[in-house]
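*Asks:* Start from chain D and add chain Y according to the hints.
Protein chains in written order, with our numbering: chain D, 1 to 456; chain Y, 1 to 379.
Hints in this document: simulated from the structure, not taken from any laboratory. Keep in mind the model is a prediction, meaning the values are calculated, not measured. Honestly, I wouldn't trust all of these hints.
[Stated by the list, open to error] Here are the simulated SDA-like cross-link-like pairs (lysine to any residue), alpha carbons at most 25 Å apart as the crow flies:
#1 Y:K262 / D:D371
#2 D:K455 / Y:R263
#3 D:K56 / D:K218
#4 D:K455 / Y:E303
#5 Y:K262 / D:T382
#6 Y:K262 / D:N399
#7 D:K244 / D:A367
#8 D:K446 / Y:L272
#9 D:K455 / Y:F288
#10 D:K446 / Y:A305
#11 D:K455 / Y:W313
#12 D:K446 / Y:K115
#13 D:K446 / Y:G264
#14 D:K455 / Y:R306
#15 D:K446 / Y:G126
#16 D:K455 / Y:E235
#17 Y:K262 / D:T373
#18 D:K446 / Y:Y239
#19 D:K272 / Y:P116
#20 Y:K262 / D:R411
#21 D:K272 / Y:F288
#22 Y:K262 / D:N380
#23 Y:K262 / D:T129
#24 D:K272 / Y:N175
#25 D:K455 / Y:K183
#26 D:K64 / D:K218
#27 Y:K115 / Y:G126
#28 Y:K262 / D:R388
#29 D:K446 / Y:M237
#30 D:K446 / Y:E235
#31 Y:K262 / D:V374
#32 D:K272 / Y:M237
#33 D:K455 / Y:K262
#34 D:K446 / Y:R306
#35 Y:K183 / Y:K332
#36 Y:K262 / D:N451
#37 D:K446 / Y:W313
#38 D:K455 / Y:A305
#39 D:K446 / Y:N153
Take a look at the letters that make up each chain.
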Amino acid sequence: MVDEPVIVIGAGPAGTRAAQRLVQAGLRPVVIDENDRQGGQIYRRQPANFHRPPEKLYGTEAAKATALHSDFEMLRPHIDYRPGTTVWGVSEAGLMTVHASTVDVVPFSRVIIASGATDRIMPVPGWTTPGTYSLGAAQIALKAQACAIGGRPVFMGTGPLLYLVAWQYLQAGVAPAAVLDTSSLATRLRGLRGMASRARVVANGVRYMADLVRAGVKLHAGIMPRGIESSDGGVSAVTWRDAKGVLRHVSCDAVGMGYGLRSETQLADLLKCEFIFDPCFQQWRPHVDRDGRTTRPDIYLAGDGVLLRGADAAEAAGQLAACAVLRDTGYAVDAQEILPLHGTLATMNRFGRGLAQAFPWPAHLAAGLPDETVVCRCENITAGEIRRAAGELDAPEMNRAKALTRPGMGRCQGRMCGLAAAEVLAAARDVPVREVGRLRTAAPIKPLPLNCTVKS
Amino acid sequence: MTAYPTQRMQADVIIVGGGFMGAATAFFLRQRGLSVILLERDLVGQAASGVNFGNVRRQSRFLGQLPLANRSRDIWVRLPELIGEDVEFVMSGHILLTTHEKDGARLEKYAVDCKPYGLDLTIMTGDQARARFPMVGPDIRTVSYSPLDGHANPRLAAPAFGRAARRAGARVIENTTVSAITKSAEDFIVETTTGQSYQAPLLQISSGAWGRAMAASFDEDIPFSTNGPQMGVTEPMPYRIEPVIGSSSSVPEEGVYLRQVKRGNIVFGGGLRTVANLETRRAPIDPFNTLRQMPHLATLVPEMARLRVIRTWSGVEGYVGDHLPIMGPSGKVPGLFYAFGFCGHGFQLGPGVGATMAELIATGSTDIPLEAFDIRRFG
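The shape of chain D in the complex, shown without the other chains:
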């Protein structure tokens, strides 16, 4: 059995179910959560003094959200919960965390990383204009701040979150000016076969769209974004080409933007787990077995942080990863528990890949970005600079391009721009995106206060 604690990083659906399963086995895991309250992103909780009903916040998923929240509350006495805490590095002594400006070292026997995902961003001219948010940020504003990003927002990008967020805004009394999706209807139909494995979820999506249409919100498919326009320092309009190639324009005061999700994999990289390229999602991700074991015997992964399958899959994957930890450390786990979880995840895999087919990452847009478009917003690096790295400076891969022209070198360490920058580099060198590799992770994963104190 184990001396040092098992650590769960993240308290969304995957982290919560992982912690719950460990507690069931009699362990007392450390749960490290970057957020101030448990719930993760999709089931993000309101601050204690906010009161909007779960149905308005989480729609059809309200029951799941409240179950996850109340289950976690019951776990609280049995876990070492550390909210508002970021794992920023790794040392021989354990995980390096920071809470406010206090650094702590957390030794571990095993770690389950359930760090979730963030929006995947494809830059567009004007996207750094104040008033432009990621879809996730637009959701956080609503759930955790009880405010909207604007009075007439445009939601642009692709993927189910596009419609969910637009619908959530509608529920909050803010009618979107338009929903612009780069995926065409024909493409979506092609992905439907994989998605059919979860008819209820598809039906929910269709319902969100129908509600939006009924409320007079225009949904446009197969669009090509042209730019976000500004006046008086804020967003004023979005321009795009419609499916027929006609240039269109819609006035708005904010934009929520996202092209599917990207797994948050920096911790797995820092812990030296091996990565593979996933052609379906067009992303590098840590290699895991079906229980969530990485190539490193003490590190496990669960949830969207390793494979984009959504919240339901995350709950199953979290429980599975905990079962794997238990088995690998000498606890008995009944095969009857594992089998249905594998079954669930197989369905989710088909669904997740169907979704990726239906709402594909529009990689082709990178090649057409004007040179002056900012790609890396931390360092203000344009597509043209990355192309200079690709050409004149002869950078064959992302880390070299970063060294020579700085994309991904700023505060976010490439979390926002990394995948798009790789597409720009690959397009400029005319090679498949996997050949330009991925940005290596360096500590601190998130900015670390210089005046921090180390807890003794």
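*Replies:* Just chain Y, lined up with the frame of chain D:
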């Protein structure tokens, strides 16, 4: 069809190792008209040359190294006309700060001793320094100011020399691992893991921390260790720290240094190093070293305390036992030259090493004194 052996590629000089030293030597050899093949295992300037602090500093160097450092400084100033890029070189000045009295005395003595070598330093009290450089902290006692030193971007410098060498006609071959170096009666034969071989009467080994093993294969062993510097960078703040700032403490942990780049970020390093791995070609950052650096950085520049660190890194650096590089001809093999093991202070020297090695290789001699760096000192 009969398979014929691949034709051997020939040149006047083969350089093994495309760091700053190798790339600069290749460039200057082309300026002297010699044909050059530069072999680099990864990409030019990726190892120690690309991960260091970027100090273009002469003060506090071993006095016998100042002629080389002076030559280098003259080239730094001329980079745009020479290689077409400035690699963000700024002649910002360099200040060394002390908090302990005995360290101050050491600075004062060095300022006198370096004068004959053409290095003019100004010694200031803490108050004088704070009047001239307002960002300097209240605990600083004695300051040594070197106005003509500065800093540059190490990620750009060696690759820029590599490209300039290529434009000048050098064959710069990247992603090529040398598997064997042998010497026939006349020529060196360098073989690579891809089965290619290269031939030249003259050979320079400038493969950094990996140079020691190559020298040992010619029966020239030296005391040597590999280390990883502990570097980091903060988020940007308005540009107001002009000079490079270093602590001149005799306590290793306190020996930190920093520079602000024009875009606002503060690059820092120093303190304790970690051990580097020659096999994996990686050197880990020890996060505790970063944490230990922080209070000392804030002692030098208190304003830094309100910033956040956004990135740390390290790399593989080679350190010779007496902390001086290996530079000059082999003591055993005619036609063989060394330029490696620059002990964490090679960046400023890069251009000067290139010019001096090219001169030495092309003409057989140089006026720059290199005896102190001769590999035979350990023989």
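*Asks:* Each hint should be assessed against the structure and marked as holding or not.
*Replies:* Hints, verified against the model:
Of the supplied pair hints, the one linking Y:K262 and D:D371 holds, its CA atoms being roughly 23 Å apart against a limit of 25 Å. The straight-line distance between the Cα atoms of D:K455 and Y:R263 is roughly 33 Å, outside the 25 Å bound, and the hint therefore fails. Between the alpha carbons of D:K56 and D:K218 the distance comes to roughly 22 Å, so the proposed pair stays at or under 25 Å and holds. Taking the CA atoms of D:K455 and Y:E303, the gap is about 23 Å. The hint holds against a cut of 25 Å.
Our distance criterion of 25 Å between C-alpha atoms is met by Y:K262 and D:T382, whose separation comes to about 18 Å. For the given pair, Y:K262 sits about 22 Å from D:N399 by alpha-carbon distance, which is consistent with the 25 Å threshold. Taking the CA atoms of D:K244 and D:A367, the gap is about 20 Å. The hint holds against a cut of 25 Å. About 23 Å separates the Cα atoms of D:K446 and Y:L272, which keeps this hinted pair within 25 Å; it holds.
Simply put, D:K455 and Y:F288 have alpha-carbon atoms about 12 Å apart, close enough for the 25 Å limit, and the pair holds. Our distance criterion of 25 Å between C-alpha atoms is met by D:K446 and Y:A305, whose separation comes to about 17 Å. Between D:K455 and Y:W313 the alpha-carbon distance is near 24 Å, which keeps this suggested pair within the 25 Å criterion. Distance check on the hinted pair: D:K446 and Y:K115 sit about 46 Å apart at the alpha-carbon level, beyond 25 Å; violated.
For the hint pairing D:K446 with Y:G264, the CA-to-CA distance comes to about 18 Å; that is within 25 Å, so the pair holds. Proximity of D:K455 to Y:R306 is assessed by CA-CA distance (about 19 Å); at most 25 Å being required, the pair is judged to hold. Only pairs whose Cα atoms come within 25 Å are accepted, and D:K446 paired with Y:G126 is rejected, the gap being roughly 36 Å. Of the pairs offered as hints, the one joining D:K455 and Y:E235 holds, with about 24 Å between alpha carbons and a cut-off of 25 Å not exceeded.
Taking the CA atoms of Y:K262 and D:T373, the gap is near 22 Å; set against the 25 Å cutoff, the hint holds. For the proposed pair D:K446 and Y:Y239, the alpha carbon gap of about 23 Å is at most 25 Å, so the pair holds. The straight-line distance between the Cα atoms of D:K272 and Y:P116 is roughly 52 Å, outside the 25 Å bound, and the hint therefore fails. Of the pairs offered as hints, the one joining Y:K262 and D:R411 holds, with about 17 Å between alpha carbons and a cut-off of 25 Å not exceeded.
The straight-line distance between the Cα atoms of D:K272 and Y:F288 is roughly 19 Å, inside the 25 Å bound, and the hint therefore holds. Distance restraint check for Y:K262 and D:N380: the Cα-Cα separation of roughly 14 Å lies within the 25 Å cut-off, and the hinted pair is therefore satisfied. Restraint check for Y:K262 and D:T129: satisfied, since their Cα atoms lie roughly 24 Å apart, inside the 25 Å limit. Taken as a hint, the D:K272 and Y:N175 pair is honoured in the structure, with Cα atoms around 23 Å apart against an allowance of 25 Å.
Only pairs whose Cα atoms come within 25 Å are accepted, and D:K455 paired with Y:K183 is rejected, the gap being roughly 58 Å. A hinted pair counts as satisfied when its Cα atoms are at most 25 Å apart, and D:K64 with D:K218 does not qualify at roughly 30 Å. At roughly 22 Å between alpha-carbon atoms, Y:K115 and Y:G126 fall within 25 Å of each other, so this suggested pair holds. In summary, the hint linking Y:K262 to D:R388 is supported, as the alpha carbons are separated by about 21 Å, within the 25 Å threshold.
Using a Cα cut-off of 25 Å, the hinted pair D:K446 and Y:M237 holds, with the two alpha carbons roughly 17 Å apart. Pair hint D:K446 plus Y:E235 holds up; C-alpha atoms about 11 Å apart against a cutoff of 25 Å. Straight-line distance between C-alpha atoms of Y:K262 and D:V374 comes to about 19 Å, which keeps the hinted pair within the 25 Å bound. This hinted pair does not check out: D:K272 and Y:M237 have alpha carbons roughly 32 Å apart, beyond 25 Å.
At roughly 35 Å between alpha-carbon atoms, D:K455 and Y:K262 are farther apart than 25 Å, so this suggested pair is violated. About 16 Å separates the Cα atoms of D:K446 and Y:R306, which keeps this hinted pair within 25 Å; it holds. Taken as a hint, the Y:K183 and Y:K332 pair is honoured in the structure, with Cα atoms around 12 Å apart against an allowance of 25 Å. In summary, the hint linking Y:K262 to D:N451 is supported, as the alpha carbons are separated by about 23 Å, within the 25 Å threshold.
For a cut-off of 25 Å, the pair hint linking D:K446 to Y:W313 stands: about 14 Å separates their Cα positions. About 18 Å separates the Cα atoms of D:K455 and Y:A305, which keeps this hinted pair within 25 Å; it holds. For the proposed pair D:K446 and Y:N153, the alpha carbon gap of about 24 Å is at most 25 Å, so the pair holds.
Checked against the numbered hints above, the structure violates hints 2, 12, 15, 19, 25, 26, 32 and 33; every other hint is satisfied.
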